[in-house]
Amino acid sequence: MNVDLCVGCGACAEKCPGKFDDTYNAGLIKRTAIYVEYPQAVPLKYGINPDVCLKLTKDKCGNCQDVCPANAIDYTQTEETITINAGSIIFSPGFTAFNPSKFDNYNYAGFPNVVTSMEFERILSATGPTMGHVTTFPGLPLKPKKKKDKLLAEKRKDPKKIAWFQCVGSRDINKCDNPYCSSVCCMYAVKEAIIAKEHAGGDLDCSIFYMDMRTPGKDFEKYYQNAKEKHGINFIRSKVHSVTQNPDTNDLDIRYVDEMGQIIDDTYDMIVLSVGLEISEETKDLAQKLGIDLTPGGFCKTGSFEPVTSSRDGIFVSGVFNNPKDIPESVLDASAAASAAGDALSRARDTLTLELEKAKEINVAGERPRIGAFICDCGSNIKGVVDCEAVTQYARTLPYVEFADEAMYACSQDAQNKMVEYIKEKKLNRIVVAACTPKTHEPLFQETLSNAGLNKYLFEMTNIRNHNSWVHKNNPDIATQKAKDLVRMAVAKAALAEPLKEEKIDVNDSVVVIGGGLAGMASAKSLATQGYKTHIIEKKEKLGGEAHKLYKTAQGEDVQTHLDELIKEIEQNENITVHCNTSLESVDGFVGNFKSTLKTNGKELDLEYGVAVLATGAKAFVPDEYEYGKDDRIITSLDLDKMFKENDAGLDAINSAVFIQCVGSRQPDRPYCSRVCCTHSIDNAIELKERKPDMDVFIIYRDIRTYGEKELLYKKARELGVIFFRYDVDQKPEVSIKNDKLLIELIDHVLNQPIQIEADLLTLATAIVPRKDEKLANFFKVPLNDEGFFVEKHAKLGPAEFATDGVFLAGSGHYPKPVNEAITQGRASASRALTLLAKKDNLFTSGVVASADPLKCSECGVCVSICPYSAPGFMTDGRFEGKARVNAVLCKGCGLCVASCRSGALHLRGFDTSQIFSQIFALGEVV
Amino acid sequence: MSNKLTGSVVVIGGGISGMLSALDLANSGYYVYLVEKGPSIGGVMAQLDKTFPTNDCAM
Ligand SMILES: Cc1cc2nc3c(=O)[nH]c(=O)nc-3n(C[C@H](O)[C@H](O)[C@H](O)COP(=O)(O)OP(=O)(O)OC[C@H]3O[C@@H](n4cnc5c(N)ncnc54)[C@H](O)[C@@H]3O)c2cc1C
Ligand code: SF4
Ligand code: SF4
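Protein sequence lines, in the order shown, are assigned to chains A and B. Note that the working numbering numbers the first sequence so that position 707 is 707, with each residue one more than the last. Note that the working numbering numbers the second sequence so that position 58 is 1058, with each residue one more than the last.
Covered stretches of chain B (chain A as the covering partner; in silico rule of three or more C-beta atoms under 8 Å from a C-beta of chain A):
hint	stretch
1	1006 to 1017
2	1027 to 1033
3	1038 to 1048
If you are wondering where the hints come from, they were derived from the structure by calculation, not from laboratory data. Ideal placement from N, C-alpha and C gives every residue a C-beta, glycine not left out.
So that you can see chain A by itself, here it is in the shape it has in the complex (with noise of 0.2 Å):
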């Protein structure tokens, strides 16, 4: 393929005779060996599969080089080597679904309602196989044709209940040697339940069959709480451990243990396998290559403390192939490895980029306007439906259309140098263009009108694909009328579009973290190292945070050691100004020009900064019940550590140790899992054992919450005889102090009865709360949520900033989280203002904003009030005194003030009244 030339309009799979598994798909239908991954691709390039191509493997065929308009086809193609010399590596292979062929208790292979996970999400999906319609036998073709087929498709049905298997290729070592949990199976379970009742509607019957329920992540708990109690959905604790399948309706007969012991059948007419997530073998290959470590799990060996740093130099790690973990975490660690990667080649910054040149931009002011149309095939994605040609014929007879064009594909290369050329030609100063959506194409176009030399909001694009070739595929004739409506429509606002100004964001370029420990220093840190002035202000005497309090990581790294090191660092360099004892009194400004007066010690200091770093953390939970403050042998898991730090002569007296989990966590005042405190404990259980193997250790708790490797740790407890005890939130263990005994109750799960034990010491695994710090939100104004925890701008791509410009999240005060994670989002949140701070001379805010005219502002404040980015103000000096007035670096053009202004006072940029008008009054004219 000549990806160069391939325009993506899909003439060549039309005729292409080989097929495939679609791997998309996950396999459940076949693709043509010519093809795209899928129809929303990038790059949108055809590509061949050399196994399976006729041409490329018997030299018959060659229809797709026939029917290509674009001459892209050249079987001739041979692969190429290319060596690149790059100053660092990032490896972000990420992962293999687990494939359950294996598992013949479960016979995946041999049941066709036996589904995985990834097939299911493939079956839930609109551009899926079954168009998102949850349909039993989904490895059938819609229409088959081989009679086996045919038979089986008669019994095709919509399930009426539907069963998940968690741990399917995670937590075993008997049918697969994954012994890690792969972190996002439960969760995902639990979404795939939720979105299959959906779209089956309320009947549907939901059964999720687990160990352990793990959902530690922010606000998972609550998503979790409400599949069982808004979606009823049905959580199982069992393993199932045979399936059978009913021959004359393939429905499927299950056999489990309940945790009373009792033996349960039941029937499901769907099973879906939650496969866990592995590390493919040509991975681990190319890993050994290139020289880095690995886990026993085959993921990437890390340190907590260089969380995204592999074990060569130069080569950086992020997703899931750096431990299984989700989306949001995927996320934290690519922009953690882009900050490491950046730290070691800081010097080297700027070298090899280019700056793009702009064109001069052509005065058009006062110009009649002179419209050029540009009207989009699309391949047959349009044309298939509308008659472009006579829409670009349409088009012509509008008033102050100069010039209109009909394009096969208007965004690909050549059309767009030849827009070029017309509109220097032509002398077009506004330009409309009928293709696909603005969303992703609009800002292609508006650079090819910058290249011309054109003020880019001299630009009007109206969507003749989505919202009408797609929609109205069966009425061609009515599709090509509302086609020129559209472009009707779009003309009429494009002849009033002005150009429209960006104004210059002046951007000072140093920096404040706010909050000294472990990610605030680890943000710090590679601000500082990429050449940026730096200032820590901390409240304590010293920088370190919580983490001074903690014993080991859960790597059995220790922390005060590499602690100690990281505050030395931090103190030794050059870019970065340390201030202990140190509050924030006053922030003002927005972003690139904030300033602040710090105390310290009651000394005022004045600060001027670009961009903020909130790591401000969380702190421990004081428990409120369990006797606690009541004897000395009750504490929390901190004062556990601060024993082993000390190496406290107590431990050796201790024959009966006990830990509560979930103390203050995941109950109605406080809803959430506090993420970190199954791993501490159970770590906490390990040290016990190992000083003193003969000590009882139990663990009282109610869903094991080891993600990923760490459940390593939660085997090695089991090996070690650590006790664990299961309880439910409405029957909490009790505890009590008699004759000086300390004793604690519950009743056992599989016993059924109750039991007691004496202690000798008794931790209770707190949770983490966080500080609430409204006066440091309301500073920067950032949201917190709830709970008290900052609002990241989005839960899943925006994890390390706030949706307020030029401010950024980092550590537990997002949600509680464990040191490597911490250092993660610091180095992230680094990585994310770095990209800001880069465009120090380049920082313009967008010229669609809302301005006030003054003379109709009746200063009555409701778009003060009303705007979410506080952007209006009042003016507070000058002829205008009073008046409502917007600030364009604030305003992101959402248009709210626009619509509640009683004054009419308030305009939006590019979206002024009389141009909607136009557009509603050129739909109403009659053709």
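We have chain A already, so just place chain B with the ligands on it with the hints.
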């Protein structure tokens, strides 16, 4: 080791993590080569229907 540093980074794998590493680096002044073995970028996330915990579309 020579003193000359090369201001470019190779990112291997174009899944959600590889893509975002590449974007951050390119936007902060480093030249990036994004290497993907498949025909398009996006990785597994592009195969998912909706994603927890917000249930918005993965695309
Ligand atoms: C069934 C299922 C449902 C899930 N649902 C959710 C959900 O709802 N929410 C959520 O947050 N997470 C979910 N996840 C997890 C999510 O998919 C991962 O966290 C995420 O996709 C990981 O991204 P990644 O970039 O690390 O890996 P990948 O997406 O695997 O990307 C790696 C990329 O690297 C390429 N590559 C590999 N080796 C090489 C090489 N040698 N050279 C060049 N390129 C290479 C691959 O082709 C691939 O494109 C789900 C996972 C599964 C299996
Ligand atoms: S416990 Fe871990 S491996 Fe098992 S299903 Fe839950 S997340 Fe996956
Ligand atoms: S002990 Fe902590 S990590 Fe474990 S389930 Fe409870 S709150 Fe979550």
